[in-house]
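K.L.:
Now for the letters of each chain:
Number of protein chains: 2
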Amino acid sequence: MSEYRGYEGNSLEFLKANKIAVGDSVKIIADIAYSGIIMPRYEHSDDKHIVLKLKNGYNVGLEIAEIKNIEKNQDTEKIIEKSERIEKIEGLPKILLLSTGGTIASKVDYRTGSVTPVLTAEELNASVPELAKIANIDAEVIFSEYSENIQPEHWLQIAKKINEYSKSDYAGIIIAHGTDTMHYTSSFLSFALAGFSIPIVLVGSQRSSDRASSDAALNLIGATKFITTSNTKGVYVVMHHDENDETIACHIGTRVRKNHTSKRGAFQTIGDNPAFIIAENQIQKNIKEDFFKINEFYPRINLDTKVVLVKYHPGYDPGLLEKIIEMGYKGIIFEGTGLGHIGRTMYDSVKKANEKGIFLGMTSQCIDGRVRMTVYESGRDLLNLGIIPLENMIPEVALVKTMWAIGNSRNIEEIKKIMLRNIASEISN
Amino acid sequence: MSEYRGYEGNSLEFLKANKIAVGDSVKIIADIAYSGIIMPRYEHSDDKHIVLKLKNGYNVGLEIAEIKNIEKNQDTEKIIEKSERIEKIEGLPKILLLSTGGTIASKVDYRTGSVTPVLTAEELNASVPELAKIANIDAEVIFSEYSENIQPEHWLQIAKKINEYSKSDYAGIIIAHGTDTMHYTSSFLSFALAGFSIPIVLVGSQRSSDRASSDAALNLIGATKFITTSNTKGVYVVMHHDENDETIACHIGTRVRKNHTSKRGAFQTIGDNPAFIIAENQIQKNIKEDFFKINEFYPRINLDTKVVLVKYHPGYDPGLLEKIIEMGYKGIIFEGTGLGHIGRTMYDSVKKANEKGIFLGMTSQCIDGRVRMTVYESGRDLLNLGIIPLENMIPEVALVKTMWAIGNSRNIEEIKKIMLRNIASEISN
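Residue numbers (this note's numbering), protein chains in the order written: chain A, 1 to 429; chain B, 1 to 429.
Think of the hints as simulated: they come from the structure by calculation, not from any bench.
Model, not experiment: these values are computed from the prediction.
Check the hints yourself; a few may be wrong.
To be verified - Dumping the calculated DSS-like pairs for lysine-lysine here, alpha-carbon to alpha-carbon at most 27 Å: (1) B:K72 / A:K306; (2) B:K306 / A:K351; (3) A:K352 / A:K323; (4) A:K306 / B:K288; (5) B:K323 / A:K306; (6) B:K306 / A:K352; (7) B:K288 / A:K263; (8) B:K351 / A:K306; (9) B:K356 / A:K323.
What the hints assert, rightly or not - Sample of chain A residues lacking proximity to chain B, with all beta carbon distances greater than 10 Å (derived): (10) K16; (11) G23; (12) E87; (13) I134; (14) N136; (15) E246; (16) T269; (17) K288; (18) E296; (19) I342; (20) E414; (21) I418; (22) S425; (23) S428.
Beta carbons are placed, not taken as given, at the ideal position from N, Cα and C, and that holds for glycine.
The following block holds chain A by itself, in its conformation from the complex:
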């Protein structure tokens, strides 16, 4: 790794002039005093800042014009100290913070420049001192994985852990989670723990840690405020609403999708406003009181992973569908085109899949809107071949629901019934 990786122009000269390189532990006097490690940069758009990783694990971008003094620390060894235990204030609501990894719980390895998920839940809590004023937070690490490595077995692990607290005195449970697959996990929890007595809130950090700003703290504070003020239950994803530092969006766990690779407001409720918006300490509710109809809690923490998502496109080889059938899959979710179509080249293989008792569900690659298979000849043909139109279920949610439905059913008829029953607002009007 280059000593000045990613720095150029003014910021590069500044570092060289001060004999400071990437990875150095430094003390900086600017508007206030900072102590931390000089981070590498991957963006080349700005030569006015240097990026410092603070001891609490979060990054800050410092404008070099504002820096009055910079010098190397002596303690280059132990970078992130064990945070002290936060004092608890009596009478505040209790929240359980479960960490599963991801950017939100990550520190940067300054030797390789990469971000690794090693911050403990306790450290995460301690790194955001504002939290202690809103709630008393107990923290626990379930595992530490970036979310692209989260698999259905992790969903089960998280659901089982949450289920241990179904009769606790917590006001809610926060799951710190990588953002990449957060909406898959929130879907599974929505089905497996439908009717859970307190809100379950997934929270992540979208702004990757090599950037000058992290949204981890704000999202965590938002999740905590949401639990203490929303007076609701269900599974939510709580993230930045937009680029505005003040606004937090609370999305229903089955209606949300990561729709941008990098920006803060990447998560969106599909086809609707977020269920709640928190802005300037005000909470705005966009859903009705009786939103979550299932009130009785009956956990069904099972799944079957023999489900595949088939995104249809021109040139899709039906031979691939044949392989899927041969491999013993039990469910196929089509991401069809438009209102829910696939080309007629697929019909023979679809017929075969149906005859084998494979569950066949139709969603749309348009993402937004509802499948409607009665308008065109081809849609009707597909209905006749046994494909079930899944209303406006988001394809990824339909995939997760099918895994869950198969894991909790005895036969195909039961699966079909569950798939069309609205369990956790995965189907909306």
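Fit chain B to the known structure of chain A by using the hints.
P.N.:
Showing chain B alone in chain A's frame:
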């Protein structure tokens, strides 16, 4: 089919009282006189209208309260007559209208209630009399398919047909196309015919024909105005911008996606404004003069369909990737999570695919935003395994481009070079 399919309440009673049923050819006096066929309805939200299919092939919703008289026509036989030839006005620009099918070129079979693509290009032209005032339009049918049945061989057919007119005196070429896969076709044409001397404009009709309103005419007029006033070249998709009847959006053929199953403004330019907006006869240009850098026209109308789109998700079975390798695929486009990730369970199979010389490209299922594989460990691992990050290319576009690149290359190095070269604005800043 029920005689009154889809009608209920007031509209059902109205039909019964007048002894009129679905499929009847009628004459109606309301604000003006209408002649057409009573259409079945699939929506049950409204009992105030009846839907009439006019002789020109388009639907109109008539409020029953406004109907002064309704009676059966005698000519129940020949419903859509051969349109007369439109008079051409000397001096107007010449446009070629090629029809490939889809809702825009469809009539409804009133016996089955289904929409079938049978309207000829000449009829399509004649059904929108406004067109003749803007341009002299020659019309031709290439084939008649709904777009879910359009396959890569159809793309070749369309491209070859267009290529016949590379030295014609047409001001532009309009392709009437089903909306479901219009953006796949526009992508292929963008690559295969990069640098074509006149604009190529795909136009469809999003509002399905069983509804009370069709946007076919407005989109066609928009496409015609676009060609005669935009002074540009390249491949575009021209469709309604939003629910507003007046605004037409012109999207770059490689940056557009159908993002809603049914609404008029379903097509969106990803991550940017549409290249042009036509509103109230004004054309607003949002792209720079030198937008299309490739000026020399050198058609490359080839492709190889041995390319597959792999949308990664938790629980994705690497065994499926193994099957894809065994089946002799030459290219795999991953729709990874977030910034371009797939789980580490996939690594062994990805390594094998790379060793076999399969082209491996990474896009994001977030759709919007850019893949960036240097931020996290897992991204770096994937780069080392030979996966090529495809910037902000839309997954579907990356798929089409890979088919095209493989069809026009001699080896994997050439494919990689083509894939990262910005040919038709498929990569943007």
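K.L.:
Would you mind marking each hint as holding or not holding in the structure?
P.N.:
Going down the list of hints, with the structure as the test:
Proximity of K72 of chain B to K306 of chain A is assessed by CA-CA distance (about 56 Å); at most 27 Å being required, the pair is judged violated. For the hint pairing K306 of chain B with K351 of chain A, the CA-to-CA distance comes to about 24 Å; that is within 27 Å, so the pair holds. Taking the CA atoms of K352 of chain A and K323 of chain A, the gap is about 12 Å. The hint holds against a cut of 27 Å. For the hint pairing K306 of chain A with K288 of chain B, the CA-to-CA distance comes to about 49 Å; that exceeds 27 Å, so the pair is violated.
Note on K323 of chain B and K306 of chain A: the hinted pairing holds, with a Cα-Cα distance of about 15 Å set against a maximum of 27 Å. Under the criterion of a C-alpha separation no larger than 27 Å, the hint pairing K306 of chain B with K352 of chain A is consistent with the structure, at around 23 Å. In summary, the hint linking K288 of chain B to K263 of chain A is supported, as the alpha carbons are separated by about 25 Å, within the 27 Å threshold. Of the supplied pair hints, the one linking K351 of chain B and K306 of chain A holds, its CA atoms being roughly 24 Å apart against a limit of 27 Å.
Straight-line distance between C-alpha atoms of K356 of chain B and K323 of chain A comes to about 20 Å, which keeps the hinted pair within the 27 Å bound. A cut-off of 10 Å between C-beta atoms confirms that K16 of chain A is not in contact with chain B; the least separation is 23 Å. Every Cβ of chain B is farther than 10 Å from the Cβ of G23 of chain A; the closest lies at roughly 17 Å, confirming the non-interface assignment. With 10 Å as the threshold on Cβ separation, the claim that E87 of chain A sits away from chain B holds: the shortest Cβ distance comes to roughly 35 Å.
The claim that I134 of chain A lies off the interface holds: its Cβ sits roughly 29 Å from the closest Cβ of chain B, which is beyond the 10 Å cut-off. The non-interface label for N136 of chain A is consistent with chain B: the shortest C-beta to C-beta separation is roughly 32 Å, beyond 10 Å. Separation of E246 of chain A from chain B is adequate, the least Cβ-Cβ distance of about 23 Å exceeding the 10 Å criterion. The claim that T269 of chain A is not at the interface with chain B holds, since no C-beta of that chain comes within 10 Å of its own (minimum 15 Å).
Annotated as non-interface, K288 of chain A keeps its C-beta farther than 10 Å from every C-beta of chain B; the closest such distance is 20 Å. Chain B leaves E296 of chain A outside its interface by the beta-carbon criterion, the shortest separation being 28 Å against a cut-off of 10 Å. Look at I342 of chain A: its CB is around 6 Å from the nearest CB on chain B, not clear of 10 Å, so calling it non-interface is violated. Look at E414 of chain A: its CB is around 21 Å from the nearest CB on chain B, clear of 10 Å, so calling it non-interface holds up.
I418 of chain A, annotated as away from the interface, keeps every beta carbon of chain B farther than 10 Å; the closest lies near 18 Å. Consistency note on S425 of chain A: stated as away from chain B, and its beta-carbon is indeed over 10 Å from all of that chain's, at 19 Å minimum. Remark: the non-interface label on S428 of chain A is consistent with the geometry, its nearest Cβ contact in chain B lying 14 Å away (cut-off 10 Å).
Going down the numbered hints, you'll see the structure goes against 1, 4, 19, while the others check out.
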